[in-house]
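S.K.: Spelled out, the chains give:
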Amino acid sequence: MAFRALLTRRTLAAASGLGPNGGVATSFRGLQTFSLPDLPYDYGALQPAISGEIMQLHHQKHHQAYVTNYNKALEQLHDAMSKGDAPAVVKLQSAIKFNGGGHVNHSIFWKNLAPIQAGGGEPPKGSLGWAIDNNFGSVDALVQKMNAEGAALQGSGWVWLGVDKELKKLVVETTSNQDPLVTKGPSLVPLIGIDVWEHAYYLQYKNVRPDYLKNIWKVINWKYASEVYEKECP
Amino acid sequence: MAAAATISPPCALLSYQGLRGALVSTRTFQSAKNQRQCGRAVAAPISAKFDLKPPPYPLDALEPHMSRDTISYHWGKHHRGYVENLNMQIVGTDLDGMSLEDIIILSYNKGDILPSFNNAAQIWNHDFFWESMVPNGGGKPSGDLLELIERDFGSFEKFSAKFRSAASTQFGSGWVWLAYKANRLNVGNAINPRPSDEDKKLVVVKSPNAVNPLVWDYLPLLTIDLWEHAYDLDYQSRQADYVSMFMEKLVSWETVSARLEMAKAQVAEREREEEKRKYEEDNESSSNEAAEMYLDSGTEDSEAE
Numbered sequence: 001m002a003f004r005a006l007l008t009r010r011t012l013a014a015a016s017g018l019g020p021n022g023g024v025a026t027s028f029r030g031l032q033t034f035s036l037p038d039l040p041y042d043y044g045a046l047q048p049a050i051s052g053e054i055m056q057l058h059h060q061k062h063h064q065a066y067v068t069n070y071n072k073a074l075e076q077l078h079d080a081m082s083k084g085d086a087p088a089v090v091k092l093q094s095a096i097k098f099n100g101g102g103h104v105n106h107s108i109f110w111k112n113l114a115p116i117q118a119g120g121g122e123p124p125k126g127s128l129g130w131a132i133d134n135n136f137g138s139v140d141a142l143v144q145k146m147n148a149e150g151a152a153l154q155g156s157g158w159v160w161l162g163v164d165k166e167l168k169k170l171v172v173e174t175t176s177n178q179d180p181l182v183t184k185g186p187s188l189v190p191l192i193g194i195d196v197w198e199h200a201y202y203l204q205y206k207n208v209r210p211d212y213l214k215n216i217w218k219v220i221n222w223k224y225a226s227e228v229y230e231k232e233c234p
Numbered sequence: 001m002a003a004a005a006t007i008s009p010p011c012a013l014l015s016y017q018g019l020r021g022a023l024v025s026t027r028t029f030q031s032a033k034n035q036r037q038c039g040r041a042v043a044a045p046i047s048a049k050f051d052l053k054p055p056p057y058p059l060d061a062l063e064p065h066m067s068r069d070t071i072s073y074h075w076g077k078h079h080r081g082y083v084e085n086l087n088m089q090i091v092g093t094d095l096d097g098m099s100l101e102d103i104i105i106l107s108y109n110k111g112d113i114l115p116s117f118n119n120a121a122q123i124w125n126h127d128f129f130w131e132s133m134v135p136n137g138g139g140k141p142s143g144d145l146l147e148l149i150e151r152d153f154g155s156f157e158k159f160s161a162k163f164r165s166a167a168s169t170q171f172g173s174g175w176v177w178l179a180y181k182a183n184r185l186n187v188g189n190a191i192n193p194r195p196s197d198e199d200k201k202l203v204v205v206k207s208p209n210a211v212n213p214l215v216w217d218y219l220p221l222l223t224i225d226l227w228e229h230a231y232d233l234d235y236q237s238r239q240a241d242y243v244s245m246f247m248e249k250l251v252s253w254e255t256v257s258a259r260l261e262m263a264k265a266q267v268a269e270r271e272r273e274e275e276k277r278k279y280e281e282d283n284e285s286s287s288n289e290a291a292e293m294y295l296d297s298g299t300e301d302s303e304a305e
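Line by line, the protein sequences give chains F and U.
Under this note's numbering, the first residue of the first sequence is numbered 1, with each subsequent residue one higher.
Under this note's numbering, the first residue of the second sequence is numbered 1, with each subsequent residue one higher.
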């Protein structure tokens with residue numbers, strides 16, 4: 001169940017060997033398109049924390065829509081840029097931020113989750129565990145904090161555990177809509193993101209977002225978070 | 001001026017009376033008078049708390065387009081939650097006893113949103129939303145409303161397309177509105193100094209999260225809730241289907257027309273008030289000039305002697 005590449009490359013020109021950065025005077029610019037990454041587990045594998053119905057809709061419908069619309073927006077942007085149409089370029093920014101952000105965020109999210117048999121819910125060890133104790137007191141305290149911020153978020157958005165790669169500090173942040181964590185600070189790297197858009201939990205938990213937040217920790221993939229952390233803070 | 005316990009739907013339209021500066025001076029009197037005229041003969045509650053107003057139809061009345069399940073969670077949990085939370089938030093504060101619209105404008109705070117805004121605005125938005133729908137609704141508007149739609153959008157179909165397009169480009173939770181905009185811009189205090197009838201127009205606007213067009217001094221006529229809880233159970237990710245269904249099967253054009261008439265009346269009233277105020281201001285300054293002239297001639301006389 002290996003990942004399909006997060007992006008595939010399609011060049012506009014039939015010519016081979018020329019990447020998106022061209023190189024020759026008559027270079028053809030390649031247009032990269034993005035595709036939905038596969039999940040490394042079955043839709044039902046995160047039950048009962050997250051229902052199979054939600055996982056399937058979330059992945060196949062919601063995330064896919066972000067990918068499709070992101071590709072569409074990029075194509076329109078490419079068009080507008082080659083025509084030098086500045087107003088059109090500017091107008092496309094919100095669609096790119098929203099759909100691109102949706103794709104980025106959800107790609108991280110699927111990696112943040114794992115079935116219990118594959119280590120989901122197992123608390124972090126090693127340097128990340130130690131850093132959490134240092135920054136927040138304990139994993140429990142961190143979880144309480146993230147759950148409180150996630151529950152209090154008005155509207156749609158995400159709650160994050162991130163690492164500031166400059167300051168080497170852990171942070172808890174929220175972002176609105178599909179804004180990626182980096183919009184809160186250019187040196188922030190996401191370790192764990194929890195989707196608190198209603199589509200992430202409503203079919204199962206209805207309006208009780210706090211129950212969703214309480215239960216999702218049973219399938220959080222701390223191993224992945226540790227890997228990312230160790231890469232930024234070796 | 002908290003909402004009375006039971007008010008029949010058209011009377012809820014009166015909630016337009018709000019904080020409109022000093023211009024609508026008859027606000028307080030009219031609101032109270034109309035509250036007593038409408039609804040059943042039930043004494044208004046003495047407390048300043050807000051009530052959870054039920055939709056003007058049974059919870060299953062909008063099936064199959066909007067399920068009973070959806071409405072019982074949407075109204076019974078979400079809308080109820082906003083009411084309960086606002087009541088807790090305002091008790092003992094300055095906001096206690098104010099009208100809902102006044103709380104909304106105050107706590108919007110020109111965009112620097114204060115804590116009670118979300119709850120207050122969402123109460124108003126949801127009251128407005130339930131009343132925007134009716135069993136066996138949809139179809140096309142008629143009369144003045146249709147005329148204005150055709151004038152300002154080209155055709156009903158073009159308006160419909162604009163409404164749907166706004167919905168599909170609302171990136172995040174929010175609402176889409178048909179509103180009546182009378183010489184107002186999206187900026188505080190911006191009033192057209194040379195208003196004409198063309199500056200009074202229908203617009204389609206979208207707003208994020210709890211924001212609504214009251215904060216821009218527009219007069220809302222119709223709304224659709226685009227928070228996912230409004231359609232997740234019935235439509236999952238198919239937001240476009242939800243919006244279509246809303247337009248084709250649920251919109252109460254009668255209510256929208258009634259709101260338009262009220263909006264036009266309010267705008268006319270406001271213009272009268274503004275003219276009256278300007279007239280009074282002009283008269284005041286001219287009578288001051290007369291007094292000064294009188295004084296000057298008096299002095300000259302005494303010098304002459």
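Treat the hints with care, as some may be off.
Simulated DEER-style distance windows between Cβ atoms [said to hold, decoys possible]:
#1 Q144(F) to P195(U): 51 to 57 Å
#2 K140(U) to D42(F): 17 to 23 Å
#3 Q32(F) to E63(U): 44 to 50 Å
Bear in mind the hints are in silico, worked out from the structure with no lab data behind them.
We put the CB at the ideal spot given by N, CA and C, even for glycine.
S.K.: State for each hint whether it applies.
M.R.: Quick rundown of the hints versus the structure:
no.	hint	in the structure
1	Q144(F) to P195(U): 51 to 57 Å	55 Å, holds
2	K140(U) to D42(F): 17 to 23 Å	48 Å, violated
3	Q32(F) to E63(U): 44 to 50 Å	46 Å, holds
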